[in-house]
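With this note's numbering, the residue at position 12 of the sequence shown is 12, and numbering never jumps.
Please note that a few of the clues may not be correct.
Stated by the list, open to error - Cβ pair distances, simulated, as ranges: (1) 48 / 26: 13 to 21 Å; (2) 50 / 25: 47 to 55 Å; (3) 48 / 21: 23 to 31 Å; (4) 18 / 63: 51 to 59 Å; (5) 64 / 30: 41 to 49 Å; (6) 47 / 19: 23 to 31 Å; (7) 21 / 43: 43 to 51 Å; (8) 19 / 63: 25 to 33 Å; (9) 21 / 42: 17 to 25 Å; (10) 43 / 20: 16 to 24 Å.
Derived from the structure by calculation, the hints contain no laboratory data. Everything numeric in this text was worked out from a predicted model, so none of it was measured. Even glycine gets a Cβ: it sits at the ideal position worked out from N, Cα and C.
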Amino acid sequence: MVIYPIPVEVTQARIQLVVDQNAKAPPNTINQDLQAVYHAKAAAMEAALAEVQADEPSLLDVKV
């Protein structure tokens, strides 16, 4: 299992969501905050996977 630090963008999106929830923001704003969290998580996961793939040697050894 790969463990990586939580990117700042994800933390900021989560904080904004909590702030809006506590302020009883309109549902549209809450949905936008949720989408921001999901997009930030997806971008972080994609970046982490790209980094892992770049660091690891290929597992396929082809001999002809």
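Each hint tested on the structure:
As the Cβ distance of residue 48 to residue 26 is approximately 33 Å, the hint placing it in 13 to 21 Å is violated. Under the hint 47 to 55 Å, the C-beta atoms of residue 50 and residue 25, about 34 Å apart, miss the expected range. The hinted window of 23 to 31 Å between residue 48 and residue 21 holds, with their beta carbons roughly 27 Å apart. In this structure the hint that residue 18 and residue 63 lie 51 to 59 Å apart at CB holds, the actual value being about 55 Å.
Taken as a hint, the range 41 to 49 Å is violated for the pair residue 64 and residue 30, whose Cβ atoms sit roughly 58 Å apart. A hinted range of 23 to 31 Å holds for the C-beta pair residue 47 and residue 19, which are about 25 Å apart. For residue 21 and residue 43, the hinted distance range of 43 to 51 Å is not satisfied, since their beta carbons lie about 22 Å from each other. Range check, residue 19 to residue 63: about 58 Å between beta-carbon atoms, so the 25 to 33 Å window is missed.
The hint said 17 to 25 Å for the Cβ distance between residue 21 and residue 42, and at roughly 21 Å that hint holds. At roughly 21 Å, the beta carbons of residue 43 and residue 20 sit within the given window of 16 to 24 Å.
In terms of the numbered hints stated before, the structure departs from hints 1, 2, 5, 7, 8, listed from lowest to highest.
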